[in-house]
Each structure stands twice: as C-alpha cells, then as structure tokens.
Amino acid sequence: DQQVKQNSPSLSVQEGRISILNCDYTNSMFDYFLWYKKYPAEGPTFLISISSIKDKNEDGRFTVFLNKSAKHLSLHIVPSQPGDSAVYFCAASLIQGAQKLVFGQGTRLTINP
Amino acid sequence: NAGVTQTPKFRVLKTGQSMTLLCAQDMNHEYMYWYRQDPGMGLRLIHYSVGEGTTAKGEVPDGYNVSRLKKQNFLLGLESAAPSQTSVYFCASRPSAKNIQYFGAGTRLSVL
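Residue numbers (the working numbering), protein chains in the order written: chain A, 1 to 113; chain B, 1 to 112.
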C-alpha cells in the first residue's frame, strides 16, 4: 500500500512557464511534507517543506500548496528554468520523532527551451 | 565541508557475499538514515539511528544490519547478498533541531 503517490512519472514544460507537480497521500497522520530534487548520479537535495498547520509555503520561485482535506500537495515552479530539469520527490512524515520519511515515486520534470 | 559521504560509490557482489556500506557525516548530526531506491519507486527507509549507539528498523529492514558506534558514521551491512538487494542506497543525516535530511550521493550495488 503506497502511502505517498506521485501519479505523473514525467512532465514537460516550456522554459518560462509554470511547472506544477502533484502528490497525494493516504495517511492522515502525516503532518510534515517535503519536496526533494534529484539530478542523475547525485543524492536528493531539499527544496521546500510545509507543515500541516499551513496551506502554503513560498521560497523564491518555488511554492508548495497543501490541501489537507483532499490529502493533496503540489509544487509550483514559476518561472521554470532549464536547470530545474530533474526528478522531484515528495515525501511525508510526522513532524515529531525520528522523521521517518515516506517518499513518492518521483516525477521527472523536463524544461524545454 | 564534505556533508554526507558514502563509500563505495559502486560495487558488484555475487550472491551470498557480504559487504558493508559506510556513511560518514561531518555536520555533527544526531539522526542518520539508510534508504534504498529501486526503479520506478521512491526511496524506502531501511534502518535509522536517533543517536550514537542506537539503531531502529525502517520500512524494509530484512537482510540488512546497521551499526552506529560513532556519531559521525552509520554502517549498513549485508551478511548474505541476494539479487533482490540490487539497488541504489542512499544515506542521510539531519540535526535534531531541523526537519530536513541531507543526503549522500548514493552507492550503486549490483548483486549477481
């Protein structure tokens, strides 16, 4: 049973436009969510996070939205740049304790010039 | 500042062989984690440690053992490797005051 799902394996967006990556979760106990970015042959790097007490968190070109009733979060990248081409993972955990992350399968984002 | 360093980067094993993957962090982080990533899947937690001398099981612990004798090192052992353990292994660490995990570059392991 996959508790965190990213249903789009890939996404292609034109440079300068908005990229929207989606993530769904099933466990209502999760109260902390993160997005990681991964380039080939490298480890995931932290991008942005949000706790369940908020519905939006913004950091420069990156904004994460959380809809708790729908158990859905999304990552918006505006404007998209070629360097944003990577695999994006969403992850969920409990904010207290050991932070055992549960990851989605990832979405490969390609930004076309 | 090296961050999280994983050794080795690549390894090929035969079924039944044993090996140890080393993770070292120089950030004085309390928490350390081992994940595996398989094609088409997200990272899955194998084992984790909340401090020196402690370890605990994650989502997929079978076939693996871990040790954290020093705060900066977290070792992942395979006693008798199986083809199902062919994967990319990632180590991560985080400080107790921050809910962000920092990852190493990964170890690609093939078991033939």
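Don't read these hints as lab results, they were simulated from the structure. There's no promise every hint is true.
[Unchecked claim] Partial selection, computed: residues in chain B whose CB lies under 10 Å from chain A:
#: 1; residue: 58
#: 2; residue: 59
#: 3; residue: 63
#: 4; residue: 92
Cβ coordinates follow ideal geometry from the N, Cα and C atoms, glycine included.
Are there hints from earlier that the structure breaks, and if so, what are their numbers?
-> The structure conflicts with hint 3 only, although it agrees with all the remaining ones.
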